[in-house]
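Here's the letter readout for the chains.
Protein chains: 2
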Amino acid sequence: MLHFSECKDIIEQEIANIGLSEKSPPELYQPISYILNLGGKRIRPILSLMACNLFAGDVKPAISPSLAIEVFHNFTLLHDDIMDKAPLRRNKPTVHKKWNENIAILSGDAMSILAYQYLCKTNVEFIPELLTIFSQTALEICEGQQLDMNFETRNNVSINEYLDMIRLKTAVLLGSSLQIGALCGNAPFIETQKLYNFGVALGTAFQLQDDLLDTFGNEAEFGKTIGGDILANKKTFLYLKAIEISNEDQRNTLEKIYTETSVDSDKKIKNVISIFNDLNIQTITTNAVEKYTHQAMEFLYSVISPYSTKVLEKLALEIMDRKA
Amino acid sequence: MLHFSECKDIIEQEIANIGLSEKSPPELYQPISYILNLGGKRIRPILSLMACNLFAGDVKPAISPSLAIEVFHNFTLLHDDIMDKAPLRRNKPTVHKKWNENIAILSGDAMSILAYQYLCKTNVEFIPELLTIFSQTALEICEGQQLDMNFETRNNVSINEYLDMIRLKTAVLLGSSLQIGALCGNAPFIETQKLYNFGVALGTAFQLQDDLLDTFGNEAEFGKTIGGDILANKKTFLYLKAIEISNEDQRNTLEKIYTETSVDSDKKIKNVISIFNDLNIQTITTNAVEKYTHQAMEFLYSVISPYSTKVLEKLALEIMDRKA
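Here the protein sequences line up with chains A and B, keeping their order.
With numbering that gives the first Met the number 0, the residue at position 1 of the first sequence is 0, and numbering never jumps.
With numbering that gives the first Met the number 0, the residue at position 186 of the second sequence is 185, and numbering never jumps.
Treat the hints with care, since some could be wrong.
Which copy is meant is left open, because identical chains are indistinguishable; a pair holds if it fits in one copy or across any two.
[Unchecked claim] Subject to a maximum C-alpha distance of 30 Å in a straight line, what follows is the list of computed DSSO-like cross-link-like pairs (lysine-lysine):
| # | residue 1 | residue 2 |
| --- | --- | --- |
| 1 | LYS240 | LYS7 |
| 2 | LYS223 | LYS120 |
| 3 | LYS223 | LYS240 |
| 4 | LYS22 | LYS233 |
| 5 | LYS22 | LYS84 |
| 6 | LYS267 | LYS91 |
| 7 | LYS120 | LYS290 |
| 8 | LYS84 | LYS96 |
| 9 | LYS84 | LYS97 |
| 10 | LYS240 | LYS22 |
| 11 | LYS240 | LYS309 |
| 12 | LYS96 | LYS233 |
Hints listed in this document are in silico derivations from the structure and should not be mistaken for laboratory results.
On a predicted model such as this, the values are computed, not experimentally measured, just so you know.
Chain A extracted, bound-state conformation (with noise of 0.2 Å):
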């Protein structure tokens, strides 16, 4: 079995000789040779070559695809940080502020097109199958990205609307990412649906054990200021498991400190953590990630694959052991 380094050579190889920066006009295409090359843990494409090599020693059809996911991943990356209007992404300018908006809606688009492209560079008869699964998953990470932009101005989001939210927005393409890989691996279908499942649980949990370290990880380890999505007034699972469990004096403190605009911020992250202390959230995320690293597990262990689970086990376990 290759190794969690050994895919993301392949992938950081695939990406450097991806040879965009040549094309022209080229407007179009630096900007995506930028994004791409902004680096980032490429998650997605390691584990989608992985679960190729559940199924087949040879990973080279599964190549391609990856390579197409990484793609897609980084567009939905890029139009959402023009969406956002956020000035920065790993610590360097966003598309939109280094060139500027047309040129980043534009770029987008293109990637969207050339992850097509790269994910039908393999073997033909995998073609309709990957199409099918990709299509379906790209548009959910779009509706997923609607509903997170509806949440910010609604305030009666459930629990099982933002558990629904991330799933579409984040999970489905992990899912997807290992359903491809393993079909590209010639597995049976119903062997990629497994895997897929394994995917989307294991997003989630991912989803929600970031949320829960933006307000309580290390600041060190996590690498991000501590109480971002406080300050921002982010409708995290902390805060809607919160506003679903508090008292009403809790529950209108809480919501008149997520209106107010100019408040001190330490004090701002500070009041709100003393509630959600009160209300024990943190152990009640932390049950929720487990929940979910278990369902996870669970569906990993049922897959019937010639080689062993193990290293996506391990990696798997890796990535939600994180403290950044």
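Based on these hints, arrange chain B on the given structure of chain A.
Positioned in the frame of chain A, the structure of chain B alone reads:
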């Protein structure tokens, strides 16, 4: 052979039954339904169905791919309107005006994915070839749009660069519409290529005629205000040809008029047309339109199909004989 109007009915029926307006979240899908129902001549999907019908009695396999082309075309209009900050499309508010820019970006993204879904709803053996042509064309349209934006701030655009830009931005999609339709009619690949070339030449002729009508058309028949391109300082074929063949005095005058911002509209149009007339631009452009139309027809006449190409010829001539 199906007539033009029968093909249009098929497409309108498909769009009417597309069922997107009920999908959730409505903020994502209603703008898609809105722009698809703003109308339009549906030239691309009609060409696609007619090309299929040149080789097959049954056009069913081409219906969903034709819809894909219309959806993709409308996606490019939607995103172009954001980039151009256009308030109106077919006399109705553009999506980014009726909703907002974020919704326009995201619903456009979803349209591009939907286009791929529709493209693949055909006989499975056609899919790989359709995808290759479609993705290549889609990417070229992005390149054309980027070149068009670049030209706005460039002072040394050549006629050849302009022709290349309109080929990419406009003409290749007409070519691909025909080729995709013919492939769905099980046509020999070489015949589909001739139809592609027919479409590209026809699309080029069409765009040049568009430039011509904007300045020399009959306002009542054209349906738009004459001189819009001049007022917007658009570097059309007329302008670029004038710059190419003018003497130094004429060129300086023309360039000066095109940099002035606050000037009397009627006077500006009159002054530019006066230079165009001195340089015989109307005739030169008419000749170029005829050259590309002739080229298109040569490609069409070379197509070997079991049915007559007469209907397609008639449609092409109708398209080019337009006053609007």
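Status of each hint after checking the structure:
1. LYS240 <-> LYS7: Classified as neither; 36 Å inside a copy, 52 Å across copies.
2. LYS223 <-> LYS120: neither (38 Å within a copy, 45 Å between copies)
3. LYS223 <-> LYS240: Answer is within: at 23 Å inside a copy they meet the 30 Å cutoff, but 56 Å across does not.
4. LYS22 <-> LYS233: Result: close only across copies, 26 Å inter versus 40 Å intra.
5. LYS22 <-> LYS84: both (28 Å within a copy, 27 Å between copies)
6. LYS267 <-> LYS91: within (28 Å within a copy, 45 Å between copies)
7. LYS120 <-> LYS290: neither (37 Å within a copy, 39 Å between copies)
8. LYS84 <-> LYS96: Both ways: LYS84 and LYS96 sit 9 Å apart in one copy and 18 Å across, limit 30 Å.
9. LYS84 <-> LYS97: Both, since 13 Å and 20 Å are each at most 30 Å.
10. LYS240 <-> LYS22: between (49 Å within a copy, 28 Å between copies)
11. LYS240 <-> LYS309: Result: close neither inside a copy nor across copies, 34 Å intra and 68 Å inter.
12. LYS96 <-> LYS233: both (23 Å within a copy, 27 Å between copies)
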